[in-house]
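Colleague: Using the sequences plus the hints, can you model the full thing?
Note that my numbering has the sequence shown beginning at 1, numbered continuously upward.
Worth flagging that the hints you see were computed from the coordinates, not collected in a lab. Here a beta-carbon is modelled for each residue, glycine too, at the ideal position from N, C-alpha and C. Do not rely on the hints blindly, as some may be mistaken.
Said to hold, decoys possible - Pair by pair, the computed Cβ-Cβ distance ranges are: (1) Thr165 x Thr126: 33 to 39 Å; (2) Gly151 x Ala113: 32 to 38 Å; (3) Thr55 x Gly166: 31 to 37 Å; (4) Asn172 x Asp50: 23 to 29 Å; (5) Thr55 x Val122: 17 to 23 Å.
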Amino acid sequence: NEKQTFLSNNNGVSKAWLYRDEDADSLLDSTDTLLSAAKIQIDSAIGTVDFDNTTSGAIDINNNLAALATINNITNGGIGAITFDQTGNDALTIAGAVTGGGNVTITNTGNAAVDALTVNAVVSSTGAGTVSLTTFTRGDIAVNQNITSAGGVINVSASDNMTLTGTTINANAGTINLD
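Modeller: As structure tokens, this is what we get:
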């Protein structure tokens, strides 16, 4: 039995569907802090994302902003996946995305090489999850910080150019694919 809860911010730009077992406790406490959810799905058009799920469960953010978007931090404390799709035909900067063992998938759809996906802080699955960074249609990928997956797979695929600057890409006996 799955129950959906809809949240919206004050100006209606961001909206979120939270999925949980119907028999589970409340999703929000008295200060509107997320307690738990099996899946968090957010559709937005915002410039800066900062999201911390201290329990576990999938985080799925679809952002459609026709301007630079920045992931300040997305953290999934459990083994749930993190998915972030930016479709605004502009650049995306990542300043941190970490999960406790699930997959991390971050994509950026651009219409020019300058619509780059830039990694400026650690992107990691501390378990054997797959970490994938991809630009679709057009867009460079610039990796300026470490990408890790403890025994999993790391995929980095750029539609245009890829640059690696003073970084470590470490799959700890897993597989690394650069394309």
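Colleague: Of the numbered hints stated previously, which ones are contradicted by the structure, given in increasing order?
Modeller: Per hint list: single violation, 1.
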